[in-house]
Amino acid sequence: MIWKTAWKNIWRNKVRSLVVIISITIGIFGGVFAVAVMNGAIEQRVDAALNEEISHIHINDPAFRDNYDMQLLIPDAEKVLSSVEETPGVNAACGRKVISGMANTATKSAGVQIVGIDPEKEKEVLRLNETTMPATGDFFETESRHKLAFIGQELAKELNIIRYRIDQEMLDNLAARGVPVKVLDRLAPFNGKRFKSEKAFKKEMKTVLSMKEQHEYGALIKEEAWSFRTRSKMTLTFLDKDQMQTGAVFRIAGIFDIKNSMFEMSQVLVQNKDLAELTGLAPDAYHQIIVRLDNPDASKEMAASLEKKLPGLEIMSWKEIQPDLAMMIDMISKLYAFFMVIILAALAFGIVNTMLMVVLERTKELGMLTAIGMNKKKVFQMIMLESVFLSLIGGVVGMIFSKIIIGLTSTNGINFSNYAEGLEAMGFTSHIYPVISSSFFITVTVLIIITGILSSIYPALKALKLDPAEALRTE
Amino acid sequence: MKILEIKNVHKIYNSSEVKVHAVNGVSLDFEKGEFAAIVGPSGSGKTTLLNMIGGLDTPSDGEIIVDQTNLAGLKSSALIDFRMRNIGFVFQSYNLIPVLTAKENVEFIMSLQKWNKKERDDRTFELLKAVGLEDRINSRPSKLSGGQQQRVAVARALASKPKFVLADEPTANLDSKSTETLLDIMEQLNKEEGITFIFSTHDARVVKKARRVITLEDGKVISDERKN
Chain A
1 MIWKTAWKNI WRNKVRSLVV IISITIGIFG GVFAVAVMNG AIEQRVDAAL
51 NEEISHIHIN DPAFRDNYDM QLLIPDAEKV LSSVEETPGV NAACGRKVIS
101 GMANTATKSA GVQIVGIDPE KEKEVLRLNE TTMPATGDFF ETESRHKLAF
151 IGQELAKELN IIRYRIDQEM LDNLAARGVP VKVLDRLAPF NGKRFKSEKA
201 FKKEMKTVLS MKEQHEYGAL IKEEAWSFRT RSKMTLTFLD KDQMQTGAVF
251 RIAGIFDIKN SMFEMSQVLV QNKDLAELTG LAPDAYHQII VRLDNPDASK
301 EMAASLEKKL PGLEIMSWKE IQPDLAMMID MISKLYAFFM VIILAALAFG
351 IVNTMLMVVL ERTKELGMLT AIGMNKKKVF QMIMLESVFL SLIGGVVGMI
401 FSKIIIGLTS TNGINFSNYA EGLEAMGFTS HIYPVISSSF FITVTVLIII
451 TGILSSIYPA LKALKLDPAE ALRTE
Chain B
476 MKILEIKNVH KIYNSSEVKV HAVNGVSLDF EKGEFAAIVG PSGSGKTTLL
526 NMIGGLDTPS DGEIIVDQTN LAGLKSSALI DFRMRNIGFV FQSYNLIPVL
576 TAKENVEFIM SLQKWNKKER DDRTFELLKA VGLEDRINSR PSKLSGGQQQ
626 RVAVARALAS KPKFVLADEP TANLDSKSTE TLLDIMEQLN KEEGITFIFS
676 THDARVVKKA RRVITLEDGK VISDERKN
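Chains as they are written, first to last, in our numbering: chain A, 1 to 475; chain B, 476 to 703.
Calculated from the structure, these hints are not laboratory results. Keep in mind the model is a prediction, meaning the values are calculated, not measured. Using N, Cα and C, we set each Cβ at its ideal position, and we do this for glycine too. One or more of the hints may lead you astray.
Unchecked claim - Derived DSS-like pairs: lysine-lysine, alpha-carbon spacing no greater than 27 Å straight-line:
hint	chain 1	residue 1	chain 2	residue 2
1	B	Lys507	B	Lys477
2	B	Lys604	A	Lys8
3	A	Lys377	B	Lys592
4	B	Lys666	B	Lys618
5	B	Lys666	A	Lys462
6	B	Lys592	B	Lys477
As the list claims (entries may be wrong) - A few chain A positions that, by computed beta-carbon distances, are all more than 10 Å from chain B:
hint	residue
7	Leu72
8	Val80
9	Lys147
10	Val352
11	Lys364
12	Thr370
13	Ser439
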């Protein structure tokens, strides 16, 4: 009966209850959706890190990671590789040569990590090949008599391999894509001009386009101005196994875009056979073995078991290779709960206020209930239930609403392209697919119930202090 | 059989400036089955006395003994429980729970006492029938007239089979027809089922029906008449 009465009581003043419910709905929706966006960004980051950048486990000489000394090869690397491949739970593994070097073009140079791979085997462990930008080539698939290198978009920009040009074709494309004539007219004086770098291009665009135009069409103009000459050249220089300077001209096989500026800037993938030839290292000599597991969550246990199997080698799970990522994942679930607690704490004040009004308005009735024998526990319970019901209705509606919006946006994602540069610098993609686990909804529900209970304590204590005889005299 | 003893009860209100002796040395006994009215002008101490009898207020001095239990000896929570089991209340302004139906209002106390559903339903129907509202069991108070609401309040007061019912000016807000119906119902319950009613009132119609009339003035009993 107390439950029924409490439920009916919240509908006494429909407008007031609805105001509280709507504010809770909005608060919960905002919180849950923001968490889903953050969570989506992080899951995509982790997914990209595991599938495109680092894989699940790395095996190398214990001192190798200190300064990437090219002499620190894995002893009997082929044997180790087959032993790893045969381990149950291992999906695929491949060996790599990893050396430090310089990448140069006619105008620019950059320090890079040159990774010698077997493209076919590499594809089984990482899917970097799938991130090849359109019209830039492929992942070593087209035969060539030249030495080939697969590089990141940021490095290509840095080395002026990617350039920007404005020509009639580009302007026509922009017109076809709906850029207004007014904007095209401003670009017209640059017709036929080539820009060496993204920076130079952006600088010019800033002088002719207003902030609003840059905001609206900047990304589109940049995309159309982007130009790349297939099989561009670059020189890679490094030391050979005898510490002698060596190097060669490499043609760009393709350019990858994984929305992680740091990684794109530093990694140059070349074929193992070319690197073996240039460094004088045996083709089956590897600095590093990367491993893909059936279950990435078991990487820690698998690393420990491989450590026993392969003494004398350093075996690291992805959480050890990228501790920042591991920490982010561990912290973030706590952070989400904390985030929701802050939102609910703010909402709690609204609930307290409403419940205080409820107690004040019902003074006489509460006095009557105590007079006829409703004890303090029951009075407390009734006020508490009303508060919990209010919170839960708003919370559940908010969660349903966020579930729907997350469902809708998770298919096409949300485009934060205006913040792409900043996000990609941190390794995050600018196209985020919100995602949230069902267990988070359970956590939120529990938090909402706790909020309802806590918000009712003060008003309920007020109700308990009422003197029935006095309360009955109030009008 | 005495069901209520009031022994030299005083109630003094100490406001900052004046001391008000609201009830001044009242001693009364009530037997089971009485139909008694406490009358007197406004400020004579009727409601204060009734509140003390009902355990809603504590005497400054003296004792109130309900069925051999001294109310002064009960702690707050025990007193609430005691009220629930032994005393029925009818208030001047009905004080029904507006969101509950007539039936739910009547069974509220029974559910607090954890009666099972069947018992609750039977008793509720029996009581609402007794007050002539068996056809309005699912009406909310806002759909009932004042007289009907007060009849529901009487049914509620009787729900837990109390030792006696205290009614504080139960007819003050009712028209004469409703008053008559209500008084007939209470008289019938008193005669047929032996339920003890104690009213505070200054309604002549109630006084006329009462078989015992206690008159208070300035907190003192000035007369205590029994009719046959």
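Legend entry - Violations among the numbered hints: Per hint list: 4, 5, 6, 11, 12 violated.
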